[in-house]
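Asks: Single-letter residue listing:
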Amino acid sequence: MSRALRFLPLVVMVLIIGALLWRLANPADTIIRSKLEGQPVPAFALPAATPGKPALASADLVTGRPRLLNIFASWCVPCIAEAPVLAELKRRGVAIDAIAVRDRPEDVAQFLVRHGDPFDRIGSDDNSRVQLALGSSGVPESFVVDGKGVIRFQHVGPIEPNQIPDILAELEKAR
Amino acid sequence: MNRLSSFPRKREPSPLRRIWVSAFAGMTILMLSAPAFADSNLPPAQWANRQLPDARQEAAATRLMFEIRCLVCQGQSIADSDAEMAGDMRHLIRTRVAAGENPDAIRTWLVERYGNWISYQPPTAPIGWPLWLAPLLLLGAGLLLIRHRIARRRLK
Chain A
1 MSRALRFLPL VVMVLIIGAL LWRLANPADT IIRSKLEGQP VPAFALPAAT PGKPALASAD
61 LVTGRPRLLN IFASWCVPCI AEAPVLAELK RRGVAIDAIA VRDRPEDVAQ FLVRHGDPFD
121 RIGSDDNSRV QLALGSSGVP ESFVVDGKGV IRFQHVGPIE PNQIPDILAE LEKAR
Chain B
1 MNRLSSFPRK REPSPLRRIW VSAFAGMTIL MLSAPAFADS NLPPAQWANR QLPDARQEAA
61 ATRLMFEIRC LVCQGQSIAD SDAEMAGDMR HLIRTRVAAG ENPDAIRTWL VERYGNWISY
121 QPPTAPIGWP LWLAPLLLLG AGLLLIRHRI ARRRLK
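Chains as they are written, first to last, in our numbering: chain A, 1 to 175; chain B, 1 to 156.
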């Protein structure tokens, strides 16, 4: 065996350890994104999440102008943190609809009273069926839907106050 | 009597004992408190934890559930997970299998939404070829090495 080949196992080991160290320093992204960006919102028709608030169907999203579709739940703590940001987006003229996941009407009503109601329509998704159809993996999430009902952008997690310009830019792009 | 009272009635607890007591109290509180998973107030979906009446359909659904990855507790299959979303995914799979849908079609439907990540059945796409070929290459290298050694020993 040649002299250079003798060090091959060592080199392989160093490479493996290097790869492991690199992965430790740069943990893999655990966010699962929807693959439906660029595709029409899957057809659905959800009942109203709470009395006095219109129900939500996929056809309601086709309005000729971009809308924000927010996936939330009254039992979701980050959704409370996101509420003022949605209110600010609403104040800036953004049309927002919502899907309440696994929620009870009274809890949704209480959430709206307590944390504000920037939503035009709220559909109730009892078995996360529409959430799964959208490729959403948790609450809260927001989808930018253009005037033709095509998903243009997905935001995973609560929208932070400093991300408002990004969302507005995505809505502008979807115009 | 006098002698007895000269003993201190309460001794200051030692620092070590204090640490033990507070550690024990902390553990007890942790064990008693509910885990802070955000869970809804709704009961599990109808078919989340219930088997389908048709044994063959249930077997097909279960086979698929073991090959679909949980979105919340990544690394578990939805068959193994207690997460609410995994329950809703089992409900979705059982409902659609009961409606006569092919499990492969349901898998495709999920992959369209979440990517190949969602399936534990790796696709035989070009990106996966090295993975399939690596064992064969290693086996071939091993056989070559053995042949080399045997040939060398014969020469001796």
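Derived from the structure by calculation, the hints contain no laboratory data.
Some hints here could point you the wrong way.
[Stated by the list, open to error] Beta-carbon label-pair distances, calculated as ranges:
| no. | chain 1 | residue 1 | chain 2 | residue 2 | range |
| --- | --- | --- | --- | --- | --- |
| 1 | A | Arg65 | B | Cys73 | 56 to 62 Å |
| 2 | B | Met27 | A | Pro51 | 25 to 31 Å |
| 3 | A | Leu20 | B | Cys73 | 21 to 27 Å |
| 4 | B | Gln121 | A | Pro161 | 26 to 32 Å |
| 5 | B | Pro126 | A | Ala43 | 31 to 37 Å |
| 6 | B | Pro126 | A | Ile17 | 24 to 30 Å |
| 7 | A | Ala87 | B | Asp82 | 53 to 59 Å |
| 8 | B | Arg17 | A | Ile17 | 29 to 35 Å |
| 9 | A | Ala25 | B | Ala25 | 34 to 40 Å |
[To be verified] Sample of chain B residues lacking proximity to chain A, with all beta carbon distances greater than 10 Å (derived):
| no. | residue |
| --- | --- |
| 10 | Arg18 |
| 11 | Ser40 |
| 12 | Asp82 |
| 13 | Asp104 |
| 14 | Arg113 |
| 15 | Trp117 |
| 16 | Tyr120 |
| 17 | Thr124 |
| 18 | Leu143 |
| 19 | Ile150 |
| 20 | Arg154 |
Each residue gets a CB set at the ideal place from its N, CA and C atoms; glycine is no exception.
Asks: Looking back at the numbered hints, which does the structure fail to meet, lowest number first?
Replies: 1, 2, 4, 7, 8, 11, 14, 15
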